[in-house]
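Asker: Listed below, chain by chain, are the residues.
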Amino acid sequence: MISGWKLAVVSALAAAAPVRAEGLSCETTSGLGCTASGCEPERIHELRRYPDTAHFQFIVRSTEYGTIVTAAHDALLQRAGADLSNWHLRSQSAAWELPLLLDYGWAYTVAEFPISSYEQCKALAGVPNAQGPVLLDDRLVVESEGAQAQCTSRVVCYP
Amino acid sequence: MKPRVVCRVATLLLAAGAGWRCGPTSSVAPIVAVPPGQQGGVSPPQVATQAQIRILGVGTHDFRSVNVAIQGVTVEVNGAAVEVQPADRRIDLASASGWVAGQFALPAAGSKVHVTLTFAPDGSWARASSSGAIDARGIPIAFDATAEKILAHGSVEVRIDLGSSLVLDGGGRLALLPNLGIRF
Chain W
1 MISGWKLAVV SALAAAAPVR AEGLSCETTS GLGCTASGCE PERIHELRRY
51 PDTAHFQFIV RSTEYGTIVT AAHDALLQRA GADLSNWHLR SQSAAWELPL
101 LLDYGWAYTV AEFPISSYEQ CKALAGVPNA QGPVLLDDRL VVESEGAQAQ
151 CTSRVVCYP
Chain Y
1 MKPRVVCRVA TLLLAAGAGW RCGPTSSVAP IVAVPPGQQG GVSPPQVATQ
51 AQIRILGVGT HDFRSVNVAI QGVTVEVNGA AVEVQPADRR IDLASASGWV
101 AGQFALPAAG SKVHVTLTFA PDGSWARASS SGAIDARGIP IAFDATAEKI
151 LAHGSVEVRI DLGSSLVLDG GGRLALLPNL GIRF
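Protein chains in written order, with this note's numbering: chain W, 1 to 159; chain Y, 1 to 184.
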């Protein structure tokens, strides 16, 4: 949790030297692709059996000092009511709430999204009559003063 | 903002505006943002009443071309749709130049602006020795901004990182999953 005095100090610094837009970025993946050599996070994760769960990971990075970051979904996981309020700074196990204070650093969070059936995918995508693969995109929007970054990952549901 | 201050800001911005890059088909001149009804009286050489939505590919790696088409641009100001003048339709995100996706009337100070930008489903890419299709289906690019952010420079720029936004899908195509930054 960001403490009040820390937020006040950083806010004052930010006012004195506004954060530049290019210093903020984010990354997201929607599942793990596993082979004999191991598992890797995937930007496009395919679901072919149900029920299944999409495992989303989100990372926000700042290359600036004293960046105060907010984050939100504006697509799939927002509709699903996923909680994005708790983030981990670097490799710390403790969770921090938004807004995050990032000094040349990064933070991550995860969200699991169970999908019970192909029909649920179609309903979420707003294409109830679809017969082929259905695309479910989720977008993370992170923002600091003067900067916004967005990143997208995808779940593909097969019949 | 007082007229004298507006004029000073306008003069500075006009000088800075020369740094903007426009695509080959764009004939839009650099603009100076002055909110409606607040135009300075000391012979401003060029005062725009339109805000621009610009789009630019960055991190192009070895792509020679990344061709996509802008299918639609919508702008809402305080929840009400406003007219958008389309500009560049077919764009090459691997080009060093930026592109103008659309223009709309400068919003009044204090208002909230919501922008969406949709690509046509099919695009194409090329490297030195290979080429292929781009699947540009997916959710539209969308963002919110305060009028003040847009009025600061009279434009907003969407910077798509091509290195992380084009992802190989199961069908052998590159899917456009935008990783981007918004510059006001």
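Wrong hints could be hidden among the right ones.
[As the list claims (entries may be wrong)] One-sided excerpt, in silico: chain Y residues whose CB lies under 7 Å from chain W:
| # | residue |
| --- | --- |
| 1 | 82 |
| 2 | 129 |
| 3 | 132 |
| 4 | 135 |
| 5 | 139 |
| 6 | 163 |
| 7 | 167 |
| 8 | 178 |
| 9 | 182 |
In short, the hints are calculated from the structure, not lab data. From a predicted model like this one, the values you see are computed outputs, not experimental measurements. The beta-carbon is built from N, C-alpha and C at its ideal position, and this holds for glycine as well.
Asker: Holds or violated: is the Cβ of residue 167 of chain Y closer than 7 Å to a Cβ in chain W?
Answerer: Since chain W brings a Cβ to about 5 Å from residue 167 of chain Y, closer than 7 Å, the hint holds.
Asker: Let me know if the C-beta of residue 129 of chain Y comes in closer than 7 Å to any C-beta of chain W, holds or violated.
Answerer: Constraint on residue 129 of chain Y not satisfied, violated at 25 Å.
Asker: Does residue 182 of chain Y pass the interface hint, meaning its C-beta sits closer than 7 Å to a C-beta of chain W?
Answerer: holds (4 Å)
Asker: Verify the interface restraint on residue 163 of chain Y: the C-beta must sit less than 7 Å from at least one C-beta of chain W.
Answerer: Since chain W brings no Cβ nearer than about 12 Å to residue 163 of chain Y, farther than 7 Å, the hint is violated.
Asker: Grab the minimum C-beta distance from residue 135 of chain Y to chain W and call the hint holds if it beats 7 Å, violated otherwise.
Answerer: violated (9 Å)
Asker: Does residue 139 of chain Y pass the interface hint, meaning its C-beta sits closer than 7 Å to a C-beta of chain W?
Answerer: At about 5 Å, which falls below the 7 Å cut-off, the nearest Cβ of chain W leaves the hint on residue 139 of chain Y intact, so it holds.
Asker: With a cut-off of 7 Å on the beta carbons, see whether residue 178 of chain Y makes it to chain W.
Answerer: For residue 178 of chain Y, the interface hint holds, since the closest Cβ of chain W sits about 6 Å away, which is under 7 Å.
Asker: Interface hint check: residue 82 of chain Y, Cβ to nearest Cβ on chain W, cutoff 7 Å. Holds or violated?
Answerer: Status violated, d = 20 Å.
Asker: Going by Cβ atoms only, is residue 132 of chain Y closer than 7 Å to chain W?
Answerer: Violated. Min distance 16 Å.
Consistency note: the structure conflicts with the earlier hints numbered 1, 2, 3, 4 and 6.
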